[in-house]
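Visitor: Starting from the known structure of chain A, fit chain B onto it as the hints suggest.
As you go down the protein sequences, you meet chains A and B in turn.
Start counting the first sequence at 11; every next residue gets the next number (my numbering).
Start counting the second sequence at 11; every next residue gets the next number (my numbering).
Please keep in mind that the hints were generated in silico from the structure rather than gathered at the bench.
Here the structure is a predicted model, which means the values were calculated and not measured.
No residue lacks a Cβ here, since even glycine has one placed at the ideal position from N, Cα and C.
Do not take every clue at face value.
Derived DEER-like restraints, expressed as beta-carbon distance ranges [stated by the list, open to error]:
#1 A/Y151 x B/E267: 48 to 58 Å
#2 A/E225 x B/T166: 33 to 43 Å
#3 B/R269 x A/T29: 49 to 59 Å
#4 A/R37 x B/D85: 40 to 50 Å
Among the chain B residues that face chain A by a calculated CB cut under 10 Å, a handful are [as the list claims (entries may be wrong)]:
#5 L130
#6 D133
#7 T202
#8 G208
#9 G211
Sample of chain B residues facing chain A (criterion: CB under 7 Å; computed from the structure) [stated by the list, open to error]:
#10 L84
#11 V128
#12 F129
#13 V131
#14 G132
#15 G134
#16 G204
#17 A207
#18 V210
#19 R240
#20 R250
#21 G254
2 protein chains.
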Amino acid sequence: MFALAIHGGAGALPRMQYTHGREQAYRQGLALALSAGQRVLAGDGCALDAVEAAVTVLEDDALFNAAHGAVLTLDGTVELDAAIMDGERLRAGAVASVRYVRNPVQLARRVLEDGRHVFLVGDGAERFAEDAGMTHVTNGYFITPYRLQQLAALKTHSHSVAALDEPPFGTVGAVARDRAGRLAAATSTGGTAGKLAGRVGDSPVIGAGTYADNESCAVSTTGHGEWFLRTVQAYDIAARMRYGGATLAEAVGASIEQRLPRLGASGGLIAIDHRGEIVMRYNTPAMFRASVRSGEAASIHID
Amino acid sequence: MFALAIHGGAGALPRMQYTHGREQAYRQGLALALSAGQRVLAGDGCALDAVEAAVTVLEDDALFNAAHGAVLTLDGTVELDAAIMDGERLRAGAVASVRYVRNPVQLARRVLEDGRHVFLVGDGAERFAEDAGMTHVTNGYFITPYRLQQLAALKTHSHSVAALDEPPFGTVGAVARDRAGRLAAATSTGGTAGKLAGRVGDSPVIGAGTYADNESCAVSTTGHGEWFLRTVQAYDIAARMRYGGATLAEAVGASIEQRLPRLGASGGLIAIDHRGEIVMRYNTPAMFRASVRSGEAASIHID
Chain A
11 MFALAIHGGA
21 GALPRMQYTH
31 GREQAYRQGL
41 ALALSAGQRV
51 LAGDGCALDA
61 VEAAVTVLED
71 DALFNAAHGA
81 VLTLDGTVEL
91 DAAIMDGERL
101 RAGAVASVRY
111 VRNPVQLARR
121 VLEDGRHVFL
131 VGDGAERFAE
141 DAGMTHVTNG
151 YFITPYRLQQ
161 LAALKTHSHS
171 VAALDEPPFG
181 TVGAVARDRA
191 GRLAAATSTG
201 GTAGKLAGRV
211 GDSPVIGAGT
221 YADNESCAVS
231 TTGHGEWFLR
241 TVQAYDIAAR
251 MRYGGATLAE
261 AVGASIEQRL
271 PRLGASGGLI
281 AIDHRGEIVM
291 RYNTPAMFRA
301 SVRSGEAASI
311 HID
Chain B
11 MFALAIHGGA
21 GALPRMQYTH
31 GREQAYRQGL
41 ALALSAGQRV
51 LAGDGCALDA
61 VEAAVTVLED
71 DALFNAAHGA
81 VLTLDGTVEL
91 DAAIMDGERL
101 RAGAVASVRY
111 VRNPVQLARR
121 VLEDGRHVFL
131 VGDGAERFAE
141 DAGMTHVTNG
151 YFITPYRLQQ
161 LAALKTHSHS
171 VAALDEPPFG
181 TVGAVARDRA
191 GRLAAATSTG
201 GTAGKLAGRV
211 GDSPVIGAGT
221 YADNESCAVS
231 TTGHGEWFLR
241 TVQAYDIAAR
251 MRYGGATLAE
261 AVGASIEQRL
271 PRLGASGGLI
281 AIDHRGEIVM
291 RYNTPAMFRA
301 SVRSGEAASI
311 HID
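So that you can see chain A by itself, here it is in the shape it has in the complex (with noise of 0.2 Å):
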């Protein structure tokens, strides 16, 4: 048995309904992402890979927060960050702050198998980059004209991102349970629209934004990176059910319904335990997400 689920960001529903060719793109990019996780779990590969797969693809849809497509910064740039976990040895590899690399979560990877660290920023990450002979792109590559009217718009608007057609937080992510049982978890974003150069958000921060152990679960998220790296997100999941006997279902709901709702933090997370069980939750309007279990029907929701 294997079991895969993906999200790309939760927040706000649109002030304005999608239109259905719209709607219907955010759904072709949850779907190919799906294929492609699934792909490599159905041949018997690692759910390492599968999550890898899986948000290459959505980081490069430009519909999602990651990589190409991805928002940007207050400088009018993109700078992205990503992790990937193997949750069979506690692996880890994460990036933030990267502008050049075409796809952060495979740098994220190669970090991960190198081994001597677990977390690269900057111009640091950029060299290890190029070094591992991966493909180097200009930044420009990232931003699209989308990108450029929301920023735009949101130094109009004061900050305020209510009057954009999209959820805030469009943030990518995968988790993963092979047929062997291995987790995998793996989240990649290009932040909050408007940031301050240098910001980090939850994504890449193991814990907090990505984590996976077989003993308990594998998880990535999505939402108020600030909030989520204070409340050290994904790893209150695993700990809930490690220390508390919490099942997935009630380490999630404990989590997202309740505690952060008492801290007025919102977002959504996906998580998966050693038994394939899948739980994706969110106290925000919507969250993008869709799921497969071998043997049965994908299923993809964007609201």
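Guide: Chain B alone, transformed into the frame defined by chain A:
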């Protein structure tokens, strides 16, 4: 009642015995830092101010691996990481890969007070510091002859630190409980000697190297940063208390003496709970540490 604990790193014992003079210098450095924090708490200051004051003194002391006197990257430069967290409101500030800010813990505090973001790295963190009017120094200010020798020795002995007359982990940190029952934690480090540029360890990562929550405990860690990132070390202590009903001593014991050795991870941590109970534990041969509680004498240990 108030209580304060600080550390100056955990690691192997030196191959050669310390000279009496050097031992006295370490003790004096710890005593000065402890006094700085104690003064704040005795004057009814808050835990957050106390940990910032104590860590600032350790950052300025060339004997410890933080700010002035920090270890060098493989490139021969200094890159600094720090974090601070307020257990009262779960506010946090963290910075990494900082090269020109005299006291990184003070920059982390500014990030916390600013409130827009939690975590800033590299050039963006420097720009934030500049905008905040903080003291700018050259990278050379941090570099001591001793660290130049250490790096040369590292390169000669193919990355082994065994020949070096000092504990390999010289990270500094503080945890405090003030008279109002508020907890806080702060950690500052130059990371690991000979690290790749851009490498971020556990110290500035909320949940890994630094964590504080009035409802459980405040923690500052020192040790094998890559492992402490993967195990989400600081929050693991808090979670064992929150969800497992462990006391502080039980939580720290289970984590440092059982889980970490099984994983092959070494290091230590200092922690404090809401009653002002202090626990300082390590699975290395030594940890530099000191603590004091209101109405009691200070204790200082370098073994």
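Visitor: Holds or violated: is the Cβ of B/T202 closer than 10 Å to a Cβ in chain A?
Guide: Given a least distance of 9 Å, the restraint on B/T202 holds.
Visitor: Hint check: is the beta carbon of B/G134 less than 7 Å from a beta carbon of chain A?
Guide: Nearest chain A Cβ about 2 Å off; hint holds.
Visitor: Is the shortest C-beta separation between B/L130 and chain A less than 10 Å?
Guide: Where the cut-off is 10 Å and the nearest Cβ of chain A is about 5 Å from B/L130, the hint holds.
Visitor: With a cut-off of 10 Å, does the beta carbon of B/D133 approach a beta carbon of chain A closely enough for the hint to hold?
Guide: Check passed: Cβ of B/D133 comes within 6 Å of chain A, closer than 10 Å.
Visitor: Lying within 40 to 50 Å: is that true of the beta-carbon distance A/R37 to B/D85?
Guide: 47 Å, holds
Visitor: The hint names B/A207 as touching chain A; please verify it with the least Cβ-Cβ distance against 7 Å.
Guide: Given a least distance of 4 Å, the restraint on B/A207 holds.
Visitor: May I ask you to test the hint 33 to 43 Å on the CB atoms belonging to A/E225 and B/T166?
Guide: 41 Å, holds
Visitor: Would you settle whether the hint for B/G211 is holds or violated, based on the nearest Cβ-Cβ distance to chain A being less than 10 Å?
Guide: 7 Å, holds
Visitor: Could you say whether the range 48 to 58 Å given as a hint is met by the Cβ separation of A/Y151 and B/E267?
Guide: 49 Å, holds
Visitor: Does B/L84 pass the interface hint, meaning its C-beta sits closer than 7 Å to a C-beta of chain A?
Guide: Violated. Min distance 10 Å.
Visitor: Tell me if the interface restraint on B/G208 is satisfied: Cβ within less than 10 Å of some Cβ in chain A.
Guide: 2 Å, holds
Visitor: Against chain A, with CB atoms and a cut of 7 Å, does the hint on B/V128 hold up?
Guide: 5 Å, holds
In terms of the numbered hints stated before, the structure departs from hints 10 and 16, listed from lowest to highest.
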